[in-house]
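**Student:** The primary structure of each chain is shown beneath.
Protein chains: 4
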Amino acid sequence: MIIVMKHRASAADIDAVVKQVETSGYKAHLSQGTERTIIGVVGDDRPVQSHNLEMLSGVEQVVRILQPFKLASRDFHPEDTVISVRGVPVGGPRLTIIAGPCSVESRSQLLETALAVKEAGADMLRGGAYKPRTSPYAFQGMGEEGLELLAEAREATGLPIVTEVMAPETVSVIGKYADIYQIGARNMQNFPLLTAVGKTRIPVFLKRSMMGTVQELLMAAEYILAGGNRQVMVCERGIRTFETATRNTLDINAIPLLKKWTHLPVFADPSHATGKWDLIAPTAKACIAAGADGLIIEVHPHPAEAMSDGAQSLKPERFAQLVRELRVLAPAVGRMM
Amino acid sequence: MIIVMKHRASAADIDAVVKQVETSGYKAHLSQGTERTIIGVVGDDRPVQSHNLEMLSGVEQVVRILQPFKLASRDFHPEDTVISVRGVPVGGPRLTIIAGPCSVESRSQLLETALAVKEAGADMLRGGAYKPRTSPYAFQGMGEEGLELLAEAREATGLPIVTEVMAPETVSVIGKYADIYQIGARNMQNFPLLTAVGKTRIPVFLKRSMMGTVQELLMAAEYILAGGNRQVMVCERGIRTFETATRNTLDINAIPLLKKWTHLPVFADPSHATGKWDLIAPTAKACIAAGADGLIIEVHPHPAEAMSDGAQSLKPERFAQLVRELRVLAPAVGRMM
Amino acid sequence: MIIVMKHRASAADIDAVVKQVETSGYKAHLSQGTERTIIGVVGDDRPVQSHNLEMLSGVEQVVRILQPFKLASRDFHPEDTVISVRGVPVGGPRLTIIAGPCSVESRSQLLETALAVKEAGADMLRGGAYKPRTSPYAFQGMGEEGLELLAEAREATGLPIVTEVMAPETVSVIGKYADIYQIGARNMQNFPLLTAVGKTRIPVFLKRSMMGTVQELLMAAEYILAGGNRQVMVCERGIRTFETATRNTLDINAIPLLKKWTHLPVFADPSHATGKWDLIAPTAKACIAAGADGLIIEVHPHPAEAMSDGAQSLKPERFAQLVRELRVLAPAVGRMM
Amino acid sequence: MIIVMKHRASAADIDAVVKQVETSGYKAHLSQGTERTIIGVVGDDRPVQSHNLEMLSGVEQVVRILQPFKLASRDFHPEDTVISVRGVPVGGPRLTIIAGPCSVESRSQLLETALAVKEAGADMLRGGAYKPRTSPYAFQGMGEEGLELLAEAREATGLPIVTEVMAPETVSVIGKYADIYQIGARNMQNFPLLTAVGKTRIPVFLKRSMMGTVQELLMAAEYILAGGNRQVMVCERGIRTFETATRNTLDINAIPLLKKWTHLPVFADPSHATGKWDLIAPTAKACIAAGADGLIIEVHPHPAEAMSDGAQSLKPERFAQLVRELRVLAPAVGRMM
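Chains as they are written, first to last, in our numbering: chain R, 29 to 365; chain D, 29 to 365; chain Y, 29 to 365; chain P, 29 to 365.
It is worth saying that the hints were derived from the structure and are not from the lab. Cβ coordinates follow ideal geometry from the N, Cα and C atoms, glycine included. Do not rely on the hints blindly, as some may be mistaken.
Derived SDA-like pairs (lysine to any residue); straight-line CA-CA distance at most 20 Å [stated by the list, open to error]: (1) R:K47 <-> D:E333; (2) R:K227 <-> R:G256; (3) P:K34 <-> D:G71.
Example chain D residues on the side facing chain R (calculated, C-beta under 7 Å, incomplete) [stated by the list, open to error]: (4) N80; (5) M83; (6) P160; (7) T162; (8) P164; (9) P220; (10) M239; (11) M247.
One chain only, chain R, in its complex shape (with noise of 0.2 Å):
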């Protein structure tokens, strides 16, 4: 942590900074610009308050040096983290297709969906008992009947399910059929629950919040990482900007950077990142070619009746063509499928 003083800060008021750093555990370093005093903070200063110390009189501005995540650093884990789902290993050299409906929504649905998406060449069911809508008026999810037919489709299909999970009190429920939680993207930041899956043992998959950063992605993989789950994988879902003409904006950069900044498998979700089922495809392309160790499509049978993200979702024969597309491309950026 570096404290910038002000221009023409008093020798007490620098004395006091040095004070206060000294009596909270650290050493202070200081160097003495032109036109500033800088004090270096040495020493661990994760858990420091930073903030304030810009209380301080004569204190400009404090800036953070390290990055607050520890144990989802690559700098202290510089492999790859491989998690293995029911035999499926997330995060090596081999993508991972993750593909099914946004909510559960019948058993013929579900099971329609599945057999087509395992067809097409899919890894992983995803389908929602509980949903996050945005209005009371809408379809809440089926809830453990709907796990229920998700556990269904698994055993017919042989494929892993992945499911929300959005409070506390129904991890364990949903714990007795998921294979992989899923937080979505507006609980990123709903630290009860992050503690709550960080508890268990079964794998999570961390969906990046809308206005989340990179770094607090990771702040919240860490939450997860620290309860004592190391089997986190993370989510670009696009981010909240000013552009309106699709949903959301898919942030690119993010799958280089954080491959660059964390150990755990990067997803994305161009269903979610772009809100149009025609721009999914070009952008799921792209998240492989950037990088991305797997991605997550939303996929039902008849998109236009769909109870939830219609607009976003491919048709069982436009997700195959989007497969063979992906079979294509991933040798040409070493990747295997």
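Place chains D, Y and P on chain R using the hints.
**Tutor:** Leaving out everything else, chains D, Y and P in the frame of chain R:
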């Protein structure tokens, strides 16, 4: 809802859309332009999945016309809602000032602050016992012990207390102490939490997410209202933008916009919206001039030692000065204190 | 400037950075942390290409410490700059109200508006003769004929005139008429234009870009100041964010921040910042309460027929009402009108 | 255009709007909903000031239906535009790679880079002689001397040259040297400049503003096209968002969206879009996978000594490696190099 067809959409495409609208129980109203056909959907279409219609062949765009919220809307409830909290009316001509520390840290810190803000003229006391923290390594709040200290501070000062609830499972314990539940910005779209507080009859102070639109804020309020709890206050607390010189960007436009769209009391939080203690007073005055019904402000006796949010906390004497300035300002914009 | 080395950067990497700093004429100041080495650059490093240093082997990050502007900074010019425009002092305790139509459309429209705003209490008249329009098919302004009408309106009312300049080649013709050059938001970083007005001695009213930071606004002012023209006013006019309910988001935080960072007069434009006539009055009052030195407001006698910006223009009677309200507000926040 | 009336708008309000629409030469088409009346405006309403209609009594909202651009639209020009630049076809199945330094700094720097990028496989040479710089104290470019060096480099390598034009008064001198005018991001809405290059017959490489929507980018292209110059390429170069870990956020969605909306060739600039040299290769590949017709990439022989943009420049050997990777990738996504 308006469905805009593509340039050169076929008659069959148009027929298919009309049919889909009618089988959903609405009337379709065709309008043939020179370049486009436009189909109006007649009826209360709030529950319709507008995005799904975009999947139909020949559809260019679907435009929603109605605001998706109803109970929160001034259209259906033209008079201001006034909420009485232990006899303090919130939302009428008199301004409501809520002040106190970010976190309850100790008995002495809380009581010192409570007496100071009471003395300065605050109407209610804020303080968090359960804290959402970006880092798992940061102070997470005192829990129920903090709630007991808040109750003691209420006893000592007569000030009603506002405290944050972060998860459905703590709604009940916090409800034993709180006069107002605070829902924090990161939980604005924590739907299980909104549903849980909607079942109580304790007033709710709902903060706008840093990534939430004004419309989404009112949809979150709608969740609580739809649950039967009609005592909701909404609070602008800064949104996330590209500007990094301040912690967030106070969306001052949102204040008169909220007053126009909703009958619920509208607050502002200049502490979080700026993140800098020396910007709190000018922006607090701005919010009142723009029509806010009240303010929530962080006050700490020793900000440089605060366990959270020190940089955006006022010292008690600065808070007292601000209240004096607001007493001069309020009548100049037609309000009382 | 602070150079943060990577975890495990080699001694050779550190030596190379120190050498590069020293060959650029600065002193390097080493600070060995537990996890990182940090190198301070001592000297006035404003002209240094900080980003280039990031290219050197072993460098993690380069952090600039000094604000890059100097002439615009309060550090080097602590007193408020007061600019006299035909005897009207701008930037002192008295507020300055600039009003008028977006575009000069005709003699009658301009004179009617000019007399009305004068009568209502405006201090200066605004009106565009050269208009930046998003569409090539929209009205582009009356050009020099519009400037003549502005001069006639000045004659009739005594109000100094503010009008926009869009290109270096019209600086000279506009300079024959204007009392103040306006630089529009889209031209905040039109460097040839900034350079051109910097060579004149006519005051400049510089609007913040809808995606310019406060720091970039002051760097744009620095361009003009560095050219020798010290009469610059800066204006917050709304930034572009994810919120679409209003045309832009008025960054109210920027007003006290600008007052803290610069000695130049600070204005606000609630017309562009909201884009909605019914939000102008509350946000105008907010800007004054936050410390703005003046306002610029669009007024049109028949907004529904305006050739540009009708939706964000006040009718003369509503403008007069606003001025009456500001006369009540100003003394309550320590200002005069 | 659709005009949505307020809940409980009076019959007189509705009549007044209909009258206004009809006196502007359009037909009004009424649609009575259960809660709102909606008025369709029939005819090519691109030139109508939609915002003004919002001023009329009883109007809630005005929604534009048509895209405001016409010449740039695929609706009116379904086939891809292919532009020939000194025999190099741009916009067809073959990808176009433009490379070179940010600024022309010296004869040796430019020639060394030009030969290196030619050798590596670039199709064109970029280099700025007139530079837009945020700071008035930074290097501003070599001016016409730089243009002469670019011409010499073209002579030496056969590569067509792309160079930036910043002001209408330099259009003519730059036109004597350039094969393609580059309009930089900060000038996307510099309307006098767009008009000036629209009058020439030299191809234009138009970069998206960091604050421009895709629609606004195509409106800027429309300015040039409407002037008679039909040789326009558009380029995504990163937008400004809340994420600060990268210089900008590459809007990858914009690439397939542009390909859908316009027939003009679509480029991407991974150097500016990321601001970090080590993110250029993965994002460059992503852009090609997403459907871009070409790339523009900054290359500098000694990035740490570059006078601008060093941190986002590739060394020649890294650029050569990227071109080799693109040669593998291109056929996997149906393109040639």
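**Student:** Hints numbered earlier in the text: which of these fail when held up against the supplied structure?
**Tutor:** none
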